[in-house]
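Protein sequence lines correspond, in order, to chains A and B. Here the first sequence stands for residues 362 to 470, numbered as in the numbering used here. Here the second sequence stands for residues 1281 to 1395, numbered as in the numbering used here.
Just so you know, these hints were derived from the structure itself, not from any lab. A hint or two may mislead.
In silico EDC-like links for lysine to aspartate or glutamate, alpha-carbon gap of 20 Å or less [as the list claims (entries may be wrong)]: (1) 1324(B) <-> 366(A); (2) 420(A) <-> 378(A); (3) 1316(B) <-> 402(A); (4) 1320(B) <-> 415(A); (5) 1321(B) <-> 366(A).
Incomplete in silico selection of chain B near chain A, CB under 7 Å [to be verified]: (6) 1321; (7) 1323; (8) 1325; (9) 1367; (10) 1370; (11) 1383; (12) 1386; (13) 1388; (14) 1389.
Note that the coordinates shown come from a computational prediction; the quantities given were computed from them, not determined experimentally. Even glycine gets a Cβ: it sits at the ideal position worked out from N, Cα and C.
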Amino acid sequence: TQLLEQSPQFLSIQEGENLTVYCNSSSVFSSLQWYRQEPGEGPVLLVTVVTGGEVKKLKRLTFQFGDARKDSSLHITAAQPGDTGLYLCAGAPGNQFYFGTGTSLTVIP
Amino acid sequence: DTAVSQTPKYLVTQMGNDKSIKCEQNLGHDTMYWYKQDSKKFLKIMFSYNNKELIINETVPNRFSPKSPDKAHLNLHINSLELGDSAVYFCASSLRSGSGSNIQYFGAGTRLSVL
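Can you build the whole structure from these sequences, using the hints too?
Next up, the structure:
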């Protein structure tokens, strides 16, 4: 069992569709981060959420931190092929940093 | 200039060999990390160094030995390579340690294939 479980594991959608990726845990986090990793590259930070219930928007991406600070979601509106990649949530319940199990997104033109 | 650079990008070797992966960051960060990403894309921390001192050492075989000659460099040496060591290894750095809101900057990865 991993500390941060993401769902779905794989997602293949048509350009223009909306999607939501979930990141769940039984632990409480002081903050959660979302990264995107493209093939052949390392993960790149998209956002950090720190307050329970917080919602952050980054263009077509909307990130939410659960009220209890145990879960987070990433919603993409009108997905584009450039959104294709591996999405990873990450957090540190203590000093140790953990990544989620990952969601591989493919947006078909 | 690449912020976090690691070499080589690809490493193909035989079982039983010893190999090293080098990592350098030019961001002036205090903390550096090594991660292993398996075939299912799961990214797991292996080691973390803060100002050349080891602060995180996950359950990793002692065939893996990190070395930090200065805070800008964190190298990974692997002895007696095994088939299960095949993976992509990522180096990362952050301004400091001990906070879940630290931004980590990753290198492009080293794809290790053990034959």
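May I ask which of the numbered hints given earlier this structure violates, with the numbers listed in increasing order? Checked against the structure, the hints that fail are numbers 4, 9, while the rest are satisfied.
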